[in-house]
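Each chain, letter by letter, is given below.
Protein chains: 2
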Amino acid sequence: MYKKILVPLDGSEKANAAAEHAIELAAKLDAEVTLYHVIPALSPYGNSNLNGAYQQIHNEIQATGEETLQKAQDNFAKSGVKLDIKVIWGDPAEEICREAKEREFDLIVMGSRGLGEIRGFIMGSVSNRVVRHASTPVLIVR
Amino acid sequence: MYKKILVPLDGSEKANAAAEHAIELAAKLDAEVTLYHVIPALSPYGNSNLNGAYQQIHNEIQATGEETLQKAQDNFAKSGVKLDIKVIWGDPAEEICREAKEREFDLIVMGSRGLGEIRGFIMGSVSNRVVRHASTPVLIVR
Chain A
42 MYKKILVPLD GSEKANAAAE HAIELAAKLD AEVTLYHVIP ALSPYGNSNL NGAYQQIHNE
102 IQATGEETLQ KAQDNFAKSG VKLDIKVIWG DPAEEICREA KEREFDLIVM GSRGLGEIRG
162 FIMGSVSNRV VRHASTPVLI VR
Chain B
42 MYKKILVPLD GSEKANAAAE HAIELAAKLD AEVTLYHVIP ALSPYGNSNL NGAYQQIHNE
102 IQATGEETLQ KAQDNFAKSG VKLDIKVIWG DPAEEICREA KEREFDLIVM GSRGLGEIRG
162 FIMGSVSNRV VRHASTPVLI VR
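Here the protein sequences come in this chain order: A and B. Using the numbering used here, the first residue of the first sequence is number 42, and each one after it goes up by one. Using the numbering used here, the first residue of the second sequence is number 42, and each one after it goes up by one.
Wrong hints could be hidden among the right ones.
Derived DSS-like pairs: lysine-lysine, alpha-carbon spacing no greater than 25 angstroms straight-line [to be verified]:
| no. | chain 1 | residue 1 | chain 2 | residue 2 |
| --- | --- | --- | --- | --- |
| 1 | B | K112 | A | K44 |
| 2 | A | K69 | B | K69 |
| 3 | B | K123 | B | K44 |
| 4 | A | K69 | B | K127 |
| 5 | B | K112 | A | K69 |
| 6 | B | K69 | B | K142 |
| 7 | A | K142 | B | K69 |
| 8 | A | K69 | A | K119 |
| 9 | B | K142 | B | K45 |
| 10 | B | K45 | A | K45 |
| 11 | B | K119 | A | K119 |
| 12 | B | K44 | B | K69 |
| 13 | A | K123 | B | K112 |
| 14 | A | K142 | A | K69 |
| 15 | A | K44 | B | K142 |
| 16 | B | K69 | A | K119 |
| 17 | B | K112 | B | K45 |
| 18 | A | K142 | A | K123 |
| 19 | A | K45 | B | K69 |
| 20 | A | K112 | A | K123 |
| 21 | B | K119 | B | K142 |
| 22 | B | K44 | A | K69 |
| 23 | A | K69 | B | K119 |
| 24 | A | K45 | B | K44 |
| 25 | A | K45 | A | K112 |
| 26 | A | K44 | B | K127 |
| 27 | A | K123 | B | K119 |
| 28 | B | K123 | B | K69 |
| 29 | A | K123 | A | K69 |
| 30 | B | K127 | B | K45 |
By construction, these hints were calculated from the structure, which means they are not laboratory data. Note that the coordinates shown come from a computational prediction; the quantities given were computed from them, not determined experimentally.
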């Protein structure tokens, strides 16, 4: 029933646990998984016309994001699930909903807010917005 | 991976659609489904010591709740999924989280808030609370 599953990762433990859960489900249902990392824009004015130090920081963050997903992809390779990775800049909740809709994902799997964790709190607020706004089913994993 | 799936129903179209989705998933994963209806307490002081008209109204609501679940169970019988039904009184979000935890469900599947629908709005606020408080993964279906 689910053929394409979108798994947003933010580098947190909660998101990694959700990804493991998603991979297990994908293996059962013979679905493909896209590991997806949205980097919040560096400047409130967007990433266009970056220069000098800005451009350098942008490139470093981009490289770290790609590395994080690459590691996750390597880590899950033994599952046998077809895995794709994608890094994008923008508002995480917006980009997750947009990606799911435009590329016709059947399911989004995300971590929930971890009590008392700052990173968990951030992820949580993204999860809440995705649950409210996505046009795709959303699975929230503890 | 999911062996026991809890599906709260409130009689809304959204909840019925979520139930269909849950049954399809359960069939794929060879899981059992419990259709679960929580009736908000009749009196803010609880249902104990009901008498006369109160007791009669209580019984009628209980019967309607059971009938709703019975119809859903009959409707899904052809899926071949093992179905159980349960009606309980209390706060819906609380009872859903409690049931999922105590009876060790692996997944809760619920409808999301339907924009502009009063019943959808009520279900939505229950979904939001369940997403926040459940210790079980929660799948929110549009």
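Notebook entry, point to check: Between K123 (chain B) and K44 (chain B), does the CA-CA distance stay at or below 25 angstroms?
Noted result: holds, 11 angstroms
Margin query: Next pair to validate is K112 (chain B) with K69 (chain A); report whether the Cα-Cα distance is within 25 angstroms.
Written below: violated, 30 angstroms
Note to self: Please verify whether K69 (chain B) and K142 (chain B) have alpha carbons no more than 25 angstroms apart.
What the structure shows: Holds - the C-alpha atoms of K142 (chain B) and K69 (chain B) are around 23 angstroms apart, at most 25 angstroms.
Next item on the list: For the pair supplied as a hint, K45 (chain A) and K44 (chain B), confirm whether the alpha-carbon distance does not exceed 25 angstroms.
Entry: Holds, at roughly 22 angstroms.
Note to self: Next pair to validate is K69 (chain A) with K119 (chain A); report whether the Cα-Cα distance is within 25 angstroms.
What the structure shows: holds, 14 angstroms
Check: Given the proposed pairing of K127 (chain B) with K45 (chain B), does the C-alpha separation stay at or below 25 angstroms?
Finding: Roughly 14 angstroms between the alpha carbons, so the hint for K127 (chain B) and K45 (chain B) holds.
Margin query: For K69 (chain A) and K127 (chain B), compute the direct alpha-carbon distance and say whether it is at most 25 angstroms.
Written below: violated, 29 angstroms
Margin query: Run the distance test for K45 (chain B) versus K45 (chain A): straight-line Cα separation, threshold 25 angstroms.
Written below: Since the Cα atoms of K45 (chain B) and K45 (chain A) sit roughly 23 angstroms apart, the hinted pair holds (cutoff 25 angstroms).
Notebook entry, point to check: Quick one, are K69 (chain A) and K69 (chain B) close enough, alpha carbons at most 25 angstroms?
Noted result: Judged against 25 angstroms, a Cα distance of about 9 angstroms means the pair holds.
Notebook entry, point to check: Taking only the CA atoms, is the gap from K142 (chain A) to K123 (chain A) under or equal to 25 angstroms?
Noted result: holds, 20 angstroms
Check: Going straight from one Cα to the other, do K123 (chain B) and K69 (chain B) come out at no more than 25 angstroms?
Finding: holds, 12 angstroms
Note to self: Hinted pair, alpha-carbon criterion (25 angstroms max): K142 (chain A), K69 (chain A). Please report holds or violated.
What the structure shows: holds, 23 angstroms
When held up to the earlier numbered hints, the structure conflicts with 1, 4, 5, 11, 13, 15, 21, 26, 27 and fits the remainder.
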